[in-house]
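Take a look at the letters that make up each chain.
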Amino acid sequence: GILSQGGNTSPVPLPPPQSSCWRRKRAEMITFNLDDGFTEAVVRGYRSGILSQGDYSNLGQCDGLEDMRMHLAVTDYGNFLQNEPSPLQTMTISEKCTEKLVEEFNYIRCNASAELAKFLDYITYGYMIDNVILLLTGTLHERDTSELLEKCHPLGKFQSLATLAITTSPKDAYKLVLVDTPLAVYAQKCFTESQDFTELNIEVIRNTLYKAYLEDFYAYTQKLGGATADVMGEILRFEADRRAINITINSLDTELTKEGRGELYCNFGDLYPEGVMRLERADTQDAVRQAVESFGQYRELFQEDQFNRDKSLEDWFFEYEVKLNKLAFEQQFQYGVFYAYMKLKEQEVRNIVWIAECISQDQKSRINQYIPIF
Amino acid sequence: MGDFAFRSEPMSYLQLMMDRDAAHATVEEIAKLGCMHFVDSDSNTLKTAFQRPWSNEVRLCTDLLRQLRLFRAISSALNLEIDTEATIPASERMELIDLQATFAEMERELNEVGGRQRVMDRTFFERLEHKYVLLHADLVRATMQEARPGEQAMETDSLLDTEEGGRAREARAVQSISGVIRAVDKSLFERVVWRVTKGNAILKFANSPRMLAQYRDGQVEEVEKDAFVLFYSGRVIGDKLNKLCDTQDAHKYHVPNTAREQMQLLDELNRALLEHQQVTTQADKRKSEIIADLARRLGALEERVLAEQAIYATMNLFNSSIGKKTLVAEGWVPDRSIPDLRKAVQRGMSRGGASIPSVLSSVTPPGPPPTLTVTNKLSATFQSLNDAYGTPRYLELNPGIFYPVTYSFLFGIMFGDIGHGTLMLVGALFFISREKTWEGRQLSELLAPAYDGRYVLLLMSIFSIYCGCVYNECFGLSLLPWSYWEWDCPDTNSTPSSDCSAVRPAASSPFGVDPIWGIAANKLAYQNSFKMKISIIIGVSQMVFGLACKTSNCLYFKRWRDLLLENLPEYIFLLSIFGYLSFLIILKWCTDWVGLEKRPPPLLDTLLGMILRVGSPIEDEMLLYPGQATVQLVLLSVAAIAVPWMLLPKPLMTWADNGYNVIADTSPDAEHKKTDGEDGVKEKTVEETKKEAKAVQDAHGHGSGPFDIQEAMIHQSIHTIEFVLGAISNTASY
Numbered sequence: 001g002i003l004s005q006g007g008n009t010s011p012v013p014l015p016p017p018q019s020s021c022w023r024r025k026r027a028e029m030i031t032f033n034l035d036d037g038f039t040e041a042v043v044r045g046y047r048s049g050i051l052s053q054g055d056y057s058n059l060g061q062c063d064g065l066e067d068m069r070m071h072l073a074v075t076d077y078g079n080f081l082q083n084e085p086s087p088l089q090t091m092t093i094s095e096k097c098t099e100k101l102v103e104e105f106n107y108i109r110c111n112a113s114a115e116l117a118k119f120l121d122y123i124t125y126g127y128m129i130d131n132v133i134l135l136l137t138g139t140l141h142e143r144d145t146s147e148l149l150e151k152c153h154p155l156g157k158f159q160s161l162a163t164l165a166i167t168t169s170p171k172d173a174y175k176l177v178l179v180d181t182p183l184a185v186y187a188q189k190c191f192t193e194s195q196d197f198t199e200l201n202i203e204v205i206r207n208t209l210y211k212a213y214l215e216d217f218y219a220y221t222q223k224l225g226g227a228t229a230d231v232m233g234e235i236l237r238f239e240a241d242r243r244a245i246n247i248t249i250n251s252l253d254t255e256l257t258k259e260g261r262g263e264l265y266c267n268f269g270d271l272y273p274e275g276v277m278r279l280e281r282a283d284t285q286d287a288v289r290q291a292v293e294s295f296g297q298y299r300e301l302f303q304e305d306q307f308n309r310d311k312s313l314e315d316w317f318f319e320y321e322v323k324l325n326k327l328a329f330e331q332q333f334q335y336g337v338f339y340a341y342m343k344l345k346e347q348e349v350r351n352i353v354w355i356a357e358c359i360s361q362d363q364k365s366r367i368n369q370y371i372p373i374f
Numbered sequence: 001m002g003d004f005a006f007r008s009e010p011m012s013y014l015q016l017m018m019d020r021d022a023a024h025a026t027v028e029e030i031a032k033l034g035c036m037h038f039v040d041s042d043s044n045t046l047k048t049a050f051q052r053p054w055s056n057e058v059r060l061c062t063d064l065l066r067q068l069r070l071f072r073a074i075s076s077a078l079n080l081e082i083d084t085e086a087t088i089p090a091s092e093r094m095e096l097i098d099l100q101a102t103f104a105e106m107e108r109e110l111n112e113v114g115g116r117q118r119v120m121d122r123t124f125f126e127r128l129e130h131k132y133v134l135l136h137a138d139l140v141r142a143t144m145q146e147a148r149p150g151e152q153a154m155e156t157d158s159l160l161d162t163e164e165g166g167r168a169r170e171a172r173a174v175q176s177i178s179g180v181i182r183a184v185d186k187s188l189f190e191r192v193v194w195r196v197t198k199g200n201a202i203l204k205f206a207n208s209p210r211m212l213a214q215y216r217d218g219q220v221e222e223v224e225k226d227a228f229v230l231f232y233s234g235r236v237i238g239d240k241l242n243k244l245c246d247t248q249d250a251h252k253y254h255v256p257n258t259a260r261e262q263m264q265l266l267d268e269l270n271r272a273l274l275e276h277q278q279v280t281t282q283a284d285k286r287k288s289e290i291i292a293d294l295a296r297r298l299g300a301l302e303e304r305v306l307a308e309q310a311i312y313a314t315m316n317l318f319n320s321s322i323g324k325k326t327l328v329a330e331g332w333v334p335d336r337s338i339p340d341l342r343k344a345v346q347r348g349m350s351r352g353g354a355s356i357p358s359v360l361s362s363v364t365p366p367g368p369p370p371t372l373t374v375t376n377k378l379s380a381t382f383q384s385l386n387d388a389y390g391t392p393r394y395l396e397l398n399p400g401i402f403y404p405v406t407y408s409f410l411f412g413i414m415f416g417d418i419g420h421g422t423l424m425l426v427g428a429l430f431f432i433s434r435e436k437t438w439e440g441r442q443l444s445e446l447l448a449p450a451y452d453g454r455y456v457l458l459l460m461s462i463f464s465i466y467c468g469c470v471y472n473e474c475f476g477l478s479l480l481p482w483s484y485w486e487w488d489c490p491d492t493n494s495t496p497s498s499d500c501s502a503v504r505p506a507a508s509s510p511f512g513v514d515p516i517w518g519i520a521a522n523k524l525a526y527q528n529s530f531k532m533k534i535s536i537i538i539g540v541s542q543m544v545f546g547l548a549c550k551t552s553n554c555l556y557f558k559r560w561r562d563l564l565l566e567n568l569p570e571y572i573f574l575l576s577i578f579g580y581l582s583f584l585i586i587l588k589w590c591t592d593w594v595g596l597e598k599r600p601p602p603l604l605d606t607l608l609g610m611i612l613r614v615g616s617p618i619e620d621e622m623l624l625y626p627g628q629a630t631v632q633l634v635l636l637s638v639a640a641i642a643v644p645w646m647l648l649p650k651p652l653m654t655w656a657d658n659g660y661n662v663i664a665d666t667s668p669d670a671e672h673k674k675t676d677g678e679d680g681v682k683e684k685t686v687e688e689t690k691k692e693a694k695a696v697q698d699a700h701g702h703g704s705g706p707f708d709i710q711e712a713m714i715h716q717s718i719h720t721i722e723f724v725l726g727a728i729s730n731t732a733s734y
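From first to last, the protein sequence lines stand for chains G and H. Numbering-wise, my numbering puts 107 at position 107 of the first sequence, and it's gapless, one number per residue. Numbering-wise, my numbering puts 43 at position 43 of the second sequence, and it's gapless, one number per residue.
These aren't lab readings, by the way, just hints derived from the structure by calculation. As the structure is a prediction and not an experimental result, all values here were calculated from the model. There may be inaccurate statements among the hints.
Unchecked claim - Distance condition first, Cα-Cα at most 30 Å in a straight line; then the derived DSSO-like pairs of lysine-lysine:
{"hint": "1", "chain 1": "G", "residue 1": "K364", "chain 2": "G", "residue 2": "K118"}
{"hint": "2", "chain 1": "G", "residue 1": "K100", "chain 2": "H", "residue 2": "K47"}
{"hint": "3", "chain 1": "H", "residue 1": "K252", "chain 2": "G", "residue 2": "K151"}
{"hint": "4", "chain 1": "H", "residue 1": "K550", "chain 2": "H", "residue 2": "K32"}
{"hint": "5", "chain 1": "G", "residue 1": "K157", "chain 2": "H", "residue 2": "K436"}
{"hint": "6", "chain 1": "G", "residue 1": "K171", "chain 2": "H", "residue 2": "K240"}
{"hint": "7", "chain 1": "G", "residue 1": "K189", "chain 2": "G", "residue 2": "K157"}
{"hint": "8", "chain 1": "G", "residue 1": "K364", "chain 2": "H", "residue 2": "K47"}
{"hint": "9", "chain 1": "G", "residue 1": "K118", "chain 2": "G", "residue 2": "K157"}
{"hint": "10", "chain 1": "G", "residue 1": "K100", "chain 2": "G", "residue 2": "K151"}
{"hint": "11", "chain 1": "G", "residue 1": "K151", "chain 2": "H", "residue 2": "K240"}
{"hint": "12", "chain 1": "G", "residue 1": "K118", "chain 2": "G", "residue 2": "K96"}
{"hint": "13", "chain 1": "G", "residue 1": "K96", "chain 2": "H", "residue 2": "K240"}
{"hint": "14", "chain 1": "H", "residue 1": "K243", "chain 2": "G", "residue 2": "K157"}
{"hint": "15", "chain 1": "G", "residue 1": "K175", "chain 2": "H", "residue 2": "K47"}
{"hint": "16", "chain 1": "G", "residue 1": "K171", "chain 2": "H", "residue 2": "K436"}
{"hint": "17", "chain 1": "G", "residue 1": "K175", "chain 2": "H", "residue 2": "K436"}
{"hint": "18", "chain 1": "H", "residue 1": "K598", "chain 2": "H", "residue 2": "K523"}
{"hint": "19", "chain 1": "H", "residue 1": "K598", "chain 2": "H", "residue 2": "K588"}
Here chain G stands alone, though its shape is the one from the complex (with noise of 0.2 Å):
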């Protein structure tokens, strides 16, 4: 039939396939294992690594951080404590368990295929974007270079990072150091004042990076399309719904205007648009709970916080983020997991260091406000 249309004879295209959700996971399921069926498994079983109930209940009866050392051996963290003399401190527990995950990720990045890895690096442009930041905050308080970059994390650490520290603003900032990463993309936007940082500036400039790198990552996510695009899109759309309402809440009484507020608002998620605009225009916590009520999802959010003074927001957040992650679990052939294990693991070591902060400062009471995960 195609020759024959008009006499013309050159070979006229198919039509794109349709791109139906369907189809792309059929296509999936045959050829997801040729490249990412060894990382997938792999993670697959460092999850089942991740400290059970049973584990933190045990933990949670330990009398001090040598009974600590003593249970996780016998978890998947194995003896990572073993050459830590006595006695033990907070800071070194949560150094190591990061260093466990660090080690993690990096296996798995070493295996990746093509696009996991470009995936993974998507990953580690959040930890860059954290360590940038601090390490701007840190000279803007005077702190040392290199005890700043001690405090980075590991897998957002990139070459000319220490340089930073001589950069006096933003835009200096960016022609020095960030033009080089691959945070530059993010950058450009904001970086272009000329003007010296200040506290305010840093905090718009890291939701303005946070913001683009977000967008970016979620566009991305979706042009992978399948069941990535389905498990990585409800997981960024609740990160962008949480900046949303955390940025609100905390310029709620500053000099932040309220376009000026608007801009750090992601353009996509749960809450986005109206939501979003109704955050927009809020003066008041109450405008807050008014305006993200209307969803589902969110409308616990402040009545708990209201009622239980135990639970802050930000617990509240994290839980909400520890189920979306589980439920990642639950599909097979995408790279939802990937994510959703560092999230997963990152949870775990923060609630190691709750508990262990509880006992070492024996407020065994309080033990139990850690974020349960399986």
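Knowing the structure of chain G, use the given hints to seat chain H on it.
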């Protein structure tokens, strides 16, 4: 001969009640025998690792081991001798608490010396870098001056000799920073310098990178570094560049302008470096003094602390909730070690100074007994090959016992070569001769498997040589030129050549194949066919042997149902198809086809015809013996019946036993522990042991939980499919 038991050791589940004071000594004595598998007491299920009574001791041992690792690292850094053979005389045995005090003191002292040394080392490394910069920076400067000869003239040729002019000159004067930077950071450094100064600074590298030591996270590491000189002018840029060097981890060093000053500085540095070396030697000597005495006993101490840790960890398994003074241990013991165990318990009791006598008694076990296969040096590797496929259940026939012969022989059939086999034999003998010196040592990744499998190699090589003799092959060539055939040759030379034609065999070869095949033109066709057929016969016999092992188990445990409903149809299936094939092979070999003046029919077609053309008569030229079609029809139908026979009846009958419930609970009454008399380890009869084992096997069979017909059917069909397909594909691969 006890080492070569066909079945695993009979086990008993014993309970040991003892005085708390005697526990440590008793565990130590039992540990020396290594004959008891302690089981965690039921009363401990809710207790975490750190809630056990001896967790403090375990923790203490962990810390001592950490310190010992530290000491070992320091000793080997100091090249101190560590005596691995040393033992600690009983009189000098220190208690853990004393060890802790000594170790802590020693660690403190070592840390002090080490800390001082680290500070010194840091300056030492800095001086080394300084020296390196000094030696190279001048060169770099020289090249710069050559490149821009006019510069100096310009500087001196100032037009304005006023104060302002002086300042301008100062600002314009070229200043420099010299230092070292990691070679990998060079390009980044260059880029950032350019960006910071907008091109108003010149960075030159010496380009002669050298490995220099530095501290990183408390560890000394060698990094490739290169010297650089940065030329710039102006104070603002200078400040920026100085800061930049700090953030880029570039170490700056002062380089004087004149050659004399440089020489002076170099001398100073050299002197300081020499001094440092002396001080370091002294510090090392001091460290050696602290640690030397311990280093000699390091191996023994490690052993002791590890043993203590194991003892306390074992004691943590005991039930300590019975009373203040008693501890109850439970565990599996091989029956034949019970007398030794009793003696060990006595020794432990008297050593520990117990006030209550220890009591051994047998109790109802909580689960199936473990399989204990006693092995020796030779059988251990073969047994581990077997266990890689699956450990036999308690008291089942251990197939690993046959491995030394079957495994090595099958390898020999495939490898079969005198020359290669001899090489392998030499290798195996080499590894065996190293046994004394290598045993217990950590070997390299490549060597370790070969060493561990040295007896496997030995037996495989011997069988290869034997099979090589049978094939008459050495390094792929035939060894002996003579022949047992009668030859018709044009010239009456004794050795047959290509002009000759074989007439008839004069005599049968007394050993192996006739050597003449080695040089025959149709060697490959003959040998391939021969080897393939022999493989089928041996493969089928091996499979039948596997079935015989199963029969032996069925008879031993008196499991008649398994024998009749699983084992028997398996025999029938295997023998009626593949056993028949082996029979055909032998029949074909025994028939004198030349005498019959017939072409021998290909057996592959015969076998395929048996399955594909069921019931149709066989053509004359394909016939091997009269009545073949009928025999084949009968055999095939029997084989066909055997498949549903092994698939259906067994799970259905078990279902019937369970009253046709979809899910029924077959677990016997709740387990209750009963003690057989006071000191009641009575000698069990063989029958009793068997009965116990059978109970265990039965429990295993149904997964010991509720019986589920679906599960049973799936298991049985997997078994059947695996057997049928396994038999076919194994034979096909032969």
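Cross-check of the supplied hints:
| no. | hint | in the structure |
| --- | --- | --- |
| 1 | K364(G) <-> K118(G) | violated (43 Å) |
| 2 | K100(G) <-> K47(H) | holds (27 Å) |
| 3 | K252(H) <-> K151(G) | holds (25 Å) |
| 4 | K550(H) <-> K32(H) | violated (37 Å) |
| 5 | K157(G) <-> K436(H) | violated (51 Å) |
| 6 | K171(G) <-> K240(H) | holds (16 Å) |
| 7 | K189(G) <-> K157(G) | holds (22 Å) |
| 8 | K364(G) <-> K47(H) | holds (19 Å) |
| 9 | K118(G) <-> K157(G) | holds (17 Å) |
| 10 | K100(G) <-> K151(G) | holds (16 Å) |
| 11 | K151(G) <-> K240(H) | holds (24 Å) |
| 12 | K118(G) <-> K96(G) | holds (27 Å) |
| 13 | K96(G) <-> K240(H) | violated (36 Å) |
| 14 | K243(H) <-> K157(G) | holds (20 Å) |
| 15 | K175(G) <-> K47(H) | violated (60 Å) |
| 16 | K171(G) <-> K436(H) | violated (72 Å) |
| 17 | K175(G) <-> K436(H) | violated (68 Å) |
| 18 | K598(H) <-> K523(H) | holds (22 Å) |
| 19 | K598(H) <-> K588(H) | holds (12 Å) |
Hints 1, 4, 5, 13, 15, 16, 17 from the list above are not met by this structure, while the remaining hints are.
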